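Undergrad: Please take these sequences and the hints and turn them into a complete structure.
Chains as they are written, first to last, in this note's numbering: chain A, 34 to 511; chain B, 327 to 811.
Hints are computed from structural coordinates only; laboratory data are not their basis.
One or more hints might be untrue.
Stated by the list, open to error - Derived DSS-like pairs: lysine-lysine, alpha-carbon spacing no greater than 25 Å straight-line:
1. A:K447 / A:K495
2. B:K668 / A:K112
3. A:K421 / A:K375
4. A:K421 / A:K391
5. A:K416 / A:K444
6. A:K444 / A:K490
7. A:K205 / A:K248
8. A:K112 / A:K148
9. B:K680 / A:K112
10. B:K612 / B:K578
11. B:K668 / A:K163
12. A:K479 / A:K495
13. A:K421 / A:K479
14. B:K566 / A:K86
15. A:K197 / A:K135
16. B:K578 / A:K86
17. A:K112 / B:K701
18. A:K479 / A:K51
Bear in mind the structure is a predicted one, so any value in this text is a computation, not a measurement.
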Amino acid sequence: MEWESVIGLEIHAQLATKSKIFSSASTAYGAEPNTQACAVDLGLPGVLPVVNKEAIHMAAKFGLATGSNVSRHSVFARKNYFYPDLPKGYQISQFELPIVEKGEMEIELEDGSTKIIGITRAHLEEDAGKSLHEDFHGMTGIDLNRAGTPLLEIVSEPDIRSAKEAVAYMKKLHSLVQYLEICDGNMAEGSFRCDANVSVRLKGQEELGTRAEIKNINSFRFVERAINFEIDRQIDLLESGGEVIQETRLYDADKDETRSMRSKEEANDYRYFPDPDLLPVIIDEAYLEDVRKTLPELPKEKRERFISEYSLTDYDAVILTGSRDLADYFESVVQQSSGDAKLAANWVIGDLSARLNKEDISIDQSPVTADMLASMLKRINDKTISGKIAKDVFNAMWSGEGDADTVIENKGLKQITDNSAIEAMIDEIIASNPQQVEQYRAGKDKVFGFFVGQVMKASQGKANPAQVNEILKQKLSS
Amino acid sequence: MFHTKTLAELSQLLTSGEVSSVELTQAFLQRIKQLDTDLNSFITVTEDQALAQAQAADDTIKAGTAGLLTGIPFAHKDIFCTRDIKTSCGSKMLDNFISPYDATVVEKMSQAGMVMLGKTNMDEFAMGSSNETSYYGPVKNPWNTQSVPGGSSGGSAASVAARLTPAATGTDTGGSIRQPASLCGITGLKPTYGRVSRYGMIAFASSLDQAGPMAQSAEDCALLLNAMAGFDRRDSTSIKKDVPDYTADLNKDLNGLKIGLPKEYFDTGLDAGVAEVIDQAIQQYKDMGAEIIEISLPNTHLAVPVYYVVAPAECSSNLSRFDGVRFGYRCEDPRDLEDLYKRSRGEAFGAEVKRRIMVGTYALSAGYYDAYYLKAQQLRRMISDDFTKAFETVDVIMGPSSPGTAFKIGEKTSDPVSMYLSDIYTIAVNLAGLPGISIPAGFSNNMPVGLQIIANSFEESRLLNVAHQYQQTTEWHRQIPDAFI
Numbered sequence: 034m035e036w037e038s039v040i041g042l043e044i045h046a047q048l049a050t051k052s053k054i055f056s057s058a059s060t061a062y063g064a065e066p067n068t069q070a071c072a073v074d075l076g077l078p079g080v081l082p083v084v085n086k087e088a089i090h091m092a093a094k095f096g097l098a099t100g101s102n103v104s105r106h107s108v109f110a111r112k113n114y115f116y117p118d119l120p121k122g123y124q125i126s127q128f129e130l131p132i133v134e135k136g137e138m139e140i141e142l143e144d145g146s147t148k149i150i151g152i153t154r155a156h157l158e159e160d161a162g163k164s165l166h167e168d169f170h171g172m173t174g175i176d177l178n179r180a181g182t183p184l185l186e187i188v189s190e191p192d193i194r195s196a197k198e199a200v201a202y203m204k205k206l207h208s209l210v211q212y213l214e215i216c217d218g219n220m221a222e223g224s225f226r227c228d229a230n231v232s233v234r235l236k237g238q239e240e241l242g243t244r245a246e247i248k249n250i251n252s253f254r255f256v257e258r259a260i261n262f263e264i265d266r267q268i269d270l271l272e273s274g275g276e277v278i279q280e281t282r283l284y285d286a287d288k289d290e291t292r293s294m295r296s297k298e299e300a301n302d303y304r305y306f307p308d309p310d311l312l313p314v315i316i317d318e319a320y321l322e323d324v325r326k327t328l329p330e331l332p333k334e335k336r337e338r339f340i341s342e343y344s345l346t347d348y349d350a351v352i353l354t355g356s357r358d359l360a361d362y363f364e365s366v367v368q369q370s371s372g373d374a375k376l377a378a379n380w381v382i383g384d385l386s387a388r389l390n391k392e393d394i395s396i397d398q399s400p401v402t403a404d405m406l407a408s409m410l411k412r413i414n415d416k417t418i419s420g421k422i423a424k425d426v427f428n429a430m431w432s433g434e435g436d437a438d439t440v441i442e443n444k445g446l447k448q449i450t451d452n453s454a455i456e457a458m459i460d461e462i463i464a465s466n467p468q469q470v471e472q473y474r475a476g477k478d479k480v481f482g483f484f485v486g487q488v489m490k491a492s493q494g495k496a497n498p499a500q501v502n503e504i505l506k507q508k509l510s511s
Numbered sequence: 327m328f329h330t331k332t333l334a335e336l337s338q339l340l341t342s343g344e345v346s347s348v349e350l351t352q353a354f355l356q357r358i359k360q361l362d363t364d365l366n367s368f369i370t371v372t373e374d375q376a377l378a379q380a381q382a383a384d385d386t387i388k389a390g391t392a393g394l395l396t397g398i399p400f401a402h403k404d405i406f407c408t409r410d411i412k413t414s415c416g417s418k419m420l421d422n423f424i425s426p427y428d429a430t431v432v433e434k435m436s437q438a439g440m441v442m443l444g445k446t447n448m449d450e451f452a453m454g455s456s457n458e459t460s461y462y463g464p465v466k467n468p469w470n471t472q473s474v475p476g477g478s479s480g481g482s483a484a485s486v487a488a489r490l491t492p493a494a495t496g497t498d499t500g501g502s503i504r505q506p507a508s509l510c511g512i513t514g515l516k517p518t519y520g521r522v523s524r525y526g527m528i529a530f531a532s533s534l535d536q537a538g539p540m541a542q543s544a545e546d547c548a549l550l551l552n553a554m555a556g557f558d559r560r561d562s563t564s565i566k567k568d569v570p571d572y573t574a575d576l577n578k579d580l581n582g583l584k585i586g587l588p589k590e591y592f593d594t595g596l597d598a599g600v601a602e603v604i605d606q607a608i609q610q611y612k613d614m615g616a617e618i619i620e621i622s623l624p625n626t627h628l629a630v631p632v633y634y635v636v637a638p639a640e641c642s643s644n645l646s647r648f649d650g651v652r653f654g655y656r657c658e659d660p661r662d663l664e665d666l667y668k669r670s671r672g673e674a675f676g677a678e679v680k681r682r683i684m685v686g687t688y689a690l691s692a693g694y695y696d697a698y699y700l701k702a703q704q705l706r707r708m709i710s711d712d713f714t715k716a717f718e719t720v721d722v723i724m725g726p727s728s729p730g731t732a733f734k735i736g737e738k739t740s741d742p743v744s745m746y747l748s749d750i751y752t753i754a755v756n757l758a759g760l761p762g763i764s765i766p767a768g769f770s771n772n773m774p775v776g777l778q779i780i781a782n783s784f785e786e787s788r789l790l791n792v793a794h795q796y797q798q799t800t801e802w803h804r805q806i807p808d809a810f811i
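TA: Structure below.
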């Protein structure tokens, strides 16, 4: 039997507002428990929510950037359920009338083709607090610092067909929200997390299979693993004559498995209804026009511009526009060096990215800043150093030995471009290797490499390679 | 004898220096001590704070910077959060609750220099029409202590009627200011929804709740509303609209005023004695030059059923925060989370509150939402449209505030529907968000009868003018029960 998996993602992006969605308390991460929870966040008797305009603005930005319909009239609704870290006994969310509807994201698949994933809706809601079970001697501690933090829940259509596509879609969204500066994308702190709805059906079958929802997956790697595990589990179940039940499951990263949390029967009836404490959110054309003006260049536009403006390959452009920080870094390097975009792209995608990956740090934490890399590239272009020597300079800069010029100066890495000096070295090498000269002149071209190596060795890698080639050819054939 | 004076009269005495705020405050505190043991109109009396506020008020008066309300004693319904003072909402659930903040209304009254004598009794979480659902015991009607004062602002109404305080605040979700005002023979105003901030007022039904003044006269209510009203950025449903001086139009004459009498308000459910009093009051208005027009509010019969879907639905959600976790009552030794929830709520909420939470939860449940909540919202719109249409032809609408006079304590407790029907004339006004006032218009079987006047949105000035003119030519509002003279 051939199976097809059907996946939809619900992504919670924490909006980067300074204060909470319905109160003026700070949203900063990591404060002492309950120091960032005001009367409104605590759900004290008599308090009322007031919506944060910045959160509305950010949601509208997201809507425009995904070609969605930004609702002219959206409504906050109460989702009622009891939980100790939910202070009011309800979460203020949006239900029937969300602020964003019907958008799409284009993802690139591994074979190089693209696919459109539909965005059903994106709605605003408040986050809950945290229950802490350790250090309380069998009791539970409640930290309400996170309560009321604004979230944008982005719900996809069930258009995703594999764990890899799911990750591609999630990465794409992750990049977009950071481009838009509406979410810091910090997955370790829970700023960007995902629930996955997974079902399987026989290939060709129209009807959807019963789905399971996997809750709160907070890394790309875990999303891929959790979904793959779940697909296999469901197929095994069906092939052995079992039945998938509709339920909520948790992914356990340590055991690399999903397990049941609650079944549909145990699910809450949330009794959604419009929150009478809040007015409908009304958005008009003029407001949207203002929001549109604040939109940055989006990844797709940027990619196309990089290809046309910098003559980059499609591949390079995709990588460089993968995150706004990376793209900004690249452009800054190009502008500050002599405009050799291809060289800059090679360095950013090559040595720099490799090093960042190895050390597991982000581009804004790179010890080699765009300025530093740009001035090094200038030294390559003006032939002060060769590309090979540049690798040493880069490593030295990375370890904090100063900028390119300082490193070149201190380590004496300046390239030798004086023809007569190179000629002298070559003469000596030809003189001391008569056998190889014979071979070369007898037509054994490979030996040429030997001579280049000898010159570079003698010059400690500093001789200009182009000049070395030229002079060697001349001398050997004369 | 200060207690027989209206707030406006006391204000003059304070300004002229004939009495100090401390003296006034002491006099009223003394009356509360003497007379409230039986009435039970106060939950908390804040003697020390009151005397301190009075002293501060006297200083302000001496400094010549006093306003009209500076130094006037009054009481807050125990639904308004008061910092460092117990705010119980009439419930065992909040018997231990000390609010860390002041409600906006409390702030505003303090800023006006008023002196809070204490917090008045009320139906638990404002759910009731007789003040019998209070955890602190029923309040008695000063006109007959066998009878209820009405509710939910029963403590405020009784304390003003007994002249234990010149004025009090109340809240009105379906008639909770106007019905007890009517049953106790005082003046009570429910402003337009959004006119007074709800911040710090413990929510019953958010889309209906509105705070307002309760006092002897319309003039007093106007002075109090001047202090209470206004936009509050902490309440998204409060309206950004300038607050006029509500005393400015009090003396306009009523010649040519068009009064609508909805025929549905004079139907079979109305007590004959009450009907007679209302007829006389209408005659009085005619004599003052008003034109009487019969109108129809055809969806009146839907108001009570619609209200008893909408209000419980909202309350079932509003009261979820009382879960024994962060504040309020917590059961002893909970076994687990579910036990904590069930017993804390089960032990601390009274029967009427539980009934409404159950009804509301049901109305919002999957499969019932469309049939109940959604349908109720549609009907609410129709009820509102009735009023819009009526105000195209009339300036104000008049009728009884309640179908009968105060009933006996215990008389309706076993029959919730008959209790709910005592708000039949007031509820539609909340559903439509309109301002309404109840003023004393006479007596039936020695118990007070209230006349309700309803105006279009934000026409509180007109309402107060119409009420004040009546009170200029009648003495009903100056009547005091014998035991409290």
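Undergrad: Each hint: holds or not?
TA: Hint check:
1. A:K447 / A:K495: Status holds; Cα separation ~7 Å.
2. B:K668 / A:K112: holds, 20 Å
3. A:K421 / A:K375: holds, 16 Å
4. A:K421 / A:K391: Since the Cα atoms of K421 (chain A) and K391 (chain A) sit roughly 21 Å apart, the hinted pair holds (cutoff 25 Å).
5. A:K416 / A:K444: Holds. K416 (chain A) to K444 (chain A) sits at ~16 Å (cutoff 25 Å).
6. A:K444 / A:K490: holds, 16 Å
7. A:K205 / A:K248: holds, 20 Å
8. A:K112 / A:K148: Violated, because 34 Å separates the two Cα atoms, which is more than 25 Å.
9. B:K680 / A:K112: holds, 20 Å
10. B:K612 / B:K578: With Cα atoms ~16 Å apart, K612 (chain B) and K578 (chain B) stay inside 25 Å; holds.
11. B:K668 / A:K163: holds, 22 Å
12. A:K479 / A:K495: At roughly 22 Å apart (the allowed maximum being 25 Å), K495 (chain A) and K479 (chain A) satisfy the hint.
13. A:K421 / A:K479: holds, 21 Å
14. B:K566 / A:K86: holds, 17 Å
15. A:K197 / A:K135: holds, 23 Å
16. B:K578 / A:K86: violated, 44 Å
17. A:K112 / B:K701: holds, 20 Å
18. A:K479 / A:K51: violated, 65 Å
In this structure, the earlier hints numbered 8, 16, 18 are contradicted, and the remaining ones agree with it.
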